[in-house]
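One line per chain: the protein sequences are A and B, in this order. Residues in the first sequence are numbered consecutively from 1, following the numbering used here. Residues in the second sequence are numbered consecutively from 1, following the numbering used here.
Some hints could be false.
Identical copies look the same in the list; a pair holds intra-copy or inter-copy alike.
Distance condition first, Cα-Cα at most 20 Å in a straight line; then the derived EDC-like pairs of lysine to aspartate or glutamate [stated by the list, open to error]: (1) K84 with D296; (2) K267 with D5; (3) K119 with E140; (4) K167 with D5; (5) K231 with E188.
For the record, the hints were derived by calculation from the structure and aren't laboratory data.
There are 2 protein chains.
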Amino acid sequence: MLNWDNIFATRSLRMRASEIRELLKLLDRPDIISFAGGIPDPALFPDKDFKQAYAEIFDSTAVNSALQYSVSEGYKPLREWLIKELAKLGIPAGLDNVFIVSGSQQGLDYLGKLFLSPKDTALVTWPTYLGALQAFNAYEPSYDQLTPGGNRTPESYRATAEQNGGKVKFAYLSADFANPTGETVNREDREKLLALAEELDIAVIEDAAYQSLRYDGEPVPPILALEIARKGSIEETRTIYCGSFSKTLAPGLRVGFIVGNAQVIRKLVLMKQAADLHSSTINQMAIAHVAEHGFDAQVAKIKAAYSQRRNSMLSALQKYMPAGVEWTKPEGGMFVWVTLPKSLDGAKLLAKSLETAKVAFVPGQAFFADGSGANTLRVSFSCANDEMIEEGIKRLGNLIASEIAAA
Amino acid sequence: MLNWDNIFATRSLRMRASEIRELLKLLDRPDIISFAGGIPDPALFPDKDFKQAYAEIFDSTAVNSALQYSVSEGYKPLREWLIKELAKLGIPAGLDNVFIVSGSQQGLDYLGKLFLSPKDTALVTWPTYLGALQAFNAYEPSYDQLTPGGNRTPESYRATAEQNGGKVKFAYLSADFANPTGETVNREDREKLLALAEELDIAVIEDAAYQSLRYDGEPVPPILALEIARKGSIEETRTIYCGSFSKTLAPGLRVGFIVGNAQVIRKLVLMKQAADLHSSTINQMAIAHVAEHGFDAQVAKIKAAYSQRRNSMLSALQKYMPAGVEWTKPEGGMFVWVTLPKSLDGAKLLAKSLETAKVAFVPGQAFFADGSGANTLRVSFSCANDEMIEEGIKRLGNLIASEIAAA
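Looking at chain A on its own, in the form it has when it is part of the complex (with noise of 0.2 Å):
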C-alpha cells in the first residue's frame, strides 16, 4: 500500500466524516423515527412540474443547448426570473450581480476558496452550519466566535487574527432560521454586523438557504437589502448572498447561486470555469421553468406543511422534555435546537437512543468550530409527520429524563 500521506496536500488534513451524511443512512431504517435528517418532504416536491419542465425542454429548439455546454455564469433565463424575486427582497441587482452555482454548498466553497488563505480567520456563530465549516476547512482558516448583537471589539477580532497569523477575512452567518438552531437574526443585530464588517474591511457572507421559508412573525430584510439601503449600490456592498433553490423547488437538480457585487462575481464565475465549467445546463432550464410557473405557489404549499409540523414538534417537546431541556422557538425553516443540562452529551444520548428509544438527531457538537457544544442537539421536523413527532418526542424525552435521573 501506498503511503499516500506523503502526497496529499495539507489541507486534507481537515477532511473528515460528516456526522449527518453518515447519520442519513439511518433513514432507510425502517424502526426509527429519524429527526436527523433536515432534508425537504420529497412528497412535496412539485415533480409533475418538473415532468413538463424536462418534456417540454425535449419538445422545444432548445434541447441541443440544454444537453451542451454553457457559460459559466449560468442560465440567463433563470438569473432574470432571480432579479426580479430578489426586488421584492429589497435588493435590486443586475445580471453581473447573480450567479449560477451547484447548490448553495458550492457556493459556501467557492467564497472560501476566494477569500481564504491558510491561517485567515472566519468569523461564525458558535454553533454554525456544519456543512460551512466542512466547506471552509479546505482552506485551512483560524475560526473566531460571532456574535450577531455582541459586544466584542474590531480590535480584538483583529488582535486575534494576527495572533493566528492572518487576516479576517469574513463573517458568514445565516441569518434566517438558521441551521442548526432555527434562530433569527434580528435587524438590529444585522445592522450590528454590517457596521463592524465596515471597522474590519471585510466580507458578510449571507446564507439565505431557509429564507423563503418563513411561517410566523415579521420578515426581516436581508443583510444585503439592509446594505444596499445604507450604501446606495449594490456596487458598493460588502455583503454576499446565497440562496438555493433545494429547500423550495428540490435539490436533485443542485441549482443554487449567489448575489453580490460585480467585481467578486466576476471573480466567483472564473474559479467555477476553472473548477466544473458550468452548472448542469438542462437543470438551470428545469429550475427556471418551474420557478416561473408555480414558484409562489409551491413555498405556500411547503409553507403550510412544515409549519404545521414545527407546531406538532414545539407543543410535542412542550409535552414531554423534562425540567432543564430548552429549546428555540423557530419562525421558520426545518430546525428546533435542543440544549440539555450541562452533565449530559449528545453523541452519547444519540448512541443509546438509536438503541432503546429508536429516535435519530444530529448532536451539536459537530457545530461548534471550537468543539464546545456537547449539551446540545438539533431536530428536524421537515419530513416527520404528526404521530412521529409525537411518537418520537415522547420516547426520547423519556430517554433525557432517565439520563438527567442518572447522572
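Assemble the complex: chain A is given as a structure, and chain B must be docked to it using the hints.
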C-alpha cells in the same frame, strides 16, 4: 468601491479569463467559420434517448430519489455500469474505486485540491489541456515539463521542485488524442512514465476524456490498466483515471467520473461532500439510463461522424497549408495541432483571421505552462462539416501564406 484585492486569498491572483471560453462566444457569429470550440456536435446528441430517460424517471417510483439529495460517491447503478465498462479496458474495479463528479473538469479541480499545497510541483506536458492548468492554478503550484518517454531523471525533477519550495505531487496527462495536440502516448512511454512516477513517489493523473473516440490504429491500454497489470490490484496503484460522458453522451448534464484506489477515492468523496454534496441525482440517473440502453451505438455513431471530419481536416491542411507549417495526424479525438514558422504568432494571426479570413481557432500559447508556443494553434473538427472545413482551412492557409511572405 471596496478594494477587494485586500480581502481575496492569494490564490485568486492566478484566476484569469480563459481564451477558449471567451472564444466560444464567436460560435454565435454566423459569418465566422469556427474551429475554436472543441465541443461535441449537438446534432449527434442522443436527445431521444435522454428524453425517454427523463420521462421514465418521472413515471417511476424513482422520481422522489431523483429530485432528492443523494450520496457524495454517486448513483450506484451508474457506478456499476462503469465497473463493467472499465473491466473491458483492463481495469478491474469495485464500487469503492469509482466516484461520480460533475464533469471531469471537476475531477481535475478535486485532484489539484487533494494533492497540491502552494509551491508543490505538478508535471504537465508542454502543451497541456488549458482547463487542467486553470484548475490546478487555484492551488498555487509550480509546473515542470513532463515528457512521456523522455530522459529527465527523477533527481532533476526533485531538485527543480525543491528549488521551487515544494515537492513533486503528480504527473498529469491526457494519453489518448490529447487536447490540444490530438496525440497519443504509446505503450512504451506509458510504462516509462509509470517507472518515473514510482521513483518520484507521485500520483499519475490520467485524463481519459477522449479515450472512447479512436477512429483508427490500435488501442493502447489505459495507464491505469498497465499499472494494475504490474501491481496485481487497483489498490496498489498510483494512477488516477478521470473520465467523462461529455464527449460521448452530452456535456450539459455535467457527469464525469474518477477511478482509482480506495484510499484516494475515499478522500475525494469527503472533499466532494464538503464542496457541493453530490452531483445532480436526476442527471446521474438519466446518464445511467442512456448508457445502459445504447452507449456502444452512440459511440459508434459519433466516431463515424468525427472520423470523417478528421479525414477532411487532414486533407484540407495537406491541400492548403503552405510550406513551413506542420500539424499532427490524430487517430481520434477532436483536435489537430498546427505549428507555424517561428516568425508567426498565433494570437496575432487570430486577430487578423477574425477580421479578414473570418476563421476562428485557438492560439496555442495558453496551453503552455511556461508561456512558450506562440507559433502554435489548435483547430477542432468536431462541429464542422466538410464544406466548412474545406473553405475554412483554405482561407486560413491563404492567410498564413501571406503572413509568411510578409514576415
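Structure-based check of each hint:
Taking the shortest Cα distances, K84 and D296 sit within 20 Å of each other inside one copy (13 Å), while across copies they are farther apart (45 Å). With identical chains, the CA atoms of K267 and D5 are at most 20 Å apart between copies only, with a shortest distance of 11 Å across copies and 32 Å within one. For the identical chains of this complex, K119 and E140 are neighbours both inside a copy (6 Å) and across copies (16 Å), given an alpha-carbon limit of 20 Å. In this homomeric assembly, K167 and D5 come within 20 Å of each other (Cα to Cα) only across copies, at 13 Å, whereas the closest approach inside a single copy is 29 Å.
For the homomeric pair K231 and E188, the shortest alpha-carbon distance inside one copy (17 Å) is at most 20 Å, but the shortest distance between copies (64 Å) is not.
Checked against the numbered hints above, the structure violates none of them.
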